[in-house]
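Chemist: Construct the entire structure; sequences and hints are all you get.
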Amino acid sequence: MAATLTTCSQCVTYNEQLNSKANEIKSLQEHVLKLAHKLQDESRRKEEVQERLNDKLIRLNDYAIKIRSLEEQLQSATDRRPINELSRAEVDSIIGRDLERIHSQLTEKDMKIMALNDTILEKEGQIIELQEMCREQGELVRAKAKAFQIIQQKLLDFGTRTTREDSTETEAAYVFESSFTSLSSSQQLLKEQHHYDSFSPGHAVIHFKTGWLAETSIHFK
Numbered sequence: 270m271a272a273t274l275t276t277c278s279q280c281v282t283y284n285e286q287l288n289s290k291a292n293e294i295k296s297l298q299e300h301v302l303k304l305a306h307k308l309q310d311e312s313r314r315k316e317e318v319q320e321r322l323n324d325k326l327i328r329l330n331d332y333a334i335k336i337r338s339l340e341e342q343l344q345s346a347t348d349r350r351p352i353n354e355l356s357r358a359e360v361d362s363i364i365g366r367d368l369e370r371i372h373s374q375l376t377e378k379d380m381k382i383m384a385l386n387d388t389i390l391e392k393e394g395q396i397i398e399l400q401e402m403c404r405e406q407g408e409l410v411r412a413k414a415k416a417f418q419i420i421q422q423k424l425l426d427f428g429t430r431t432t433r434e435d436s437t438e439t440e441a442a443y444v445f446e447s448s449f450t451s452l453s454s455s456q457q458l459l460k461e462q463h464h465y466d467s468f469s470p471g472h473a474v475i476h477f478k479t480g481w482l483a484e485t486s487i488h489f490k
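Just so you know, my numbering puts 437 at position 168 of the sequence shown, and the rest follows in order with no gaps.
Bear in mind the hints are in silico, worked out from the structure with no lab data behind them. One or more hints might be untrue.
Straight-line distance between alpha carbons at most 30 Å, and here's what the computed DSSO-like set of lysine-lysine pairs gives [to be verified]:
1) Lys378 <-> Lys392
2) Lys295 <-> Lys307
3) Lys335 <-> Lys381
4) Lys315 <-> Lys325
5) Lys315 <-> Lys378
6) Lys290 <-> Lys415
Modeler: In structure tokens form, the structure reads like this:
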């Protein structure tokens, strides 16, 4: 009885451990799924930032084309007017104004490009971290699953061994009971034989015979 209670207690403990491991694995799988979704979101954001950067580069190229066009127009206007008719101040003013506008535009575009590059680098770092977290969580899930399988196998082995031991104990009890019954029957026959032999001379002994007709006879010793 005590062994049975101990076995049941151990089974309950193993079942609780298995349920706990199963819950942990489920929680980790859900966490990995969330990380995967977050990784997809970050990848989508990176693509959007890359598209915006490409758009900015295209616009920057357009501005460069416009700048070259303005330079050509300026050169053309200068060529149409004799150089000796332009004062040094006019030339410097035209060139300085155009150069300032061009420099301002280039500086603004450079700042935007640098900001976009920083954003892309930051997103790439976040994606790398998420990938590493997914890998670690995946390894942890596999380890938990392996531990769950080991515990489950041990529980199955323990249950099989317990069943085998219970079967052996039952067989031993049956053999003992059969031997005890046979011994009791032999002792009863010996007692009856001794009682029969102990009748004193002159007493009547009744013998019953069975067959098609019941027959009773009395003999005297």
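Chemist: Looking back at the numbered hints, which does the structure fail to meet, lowest number first?
Modeler: Failing hints: none at all.
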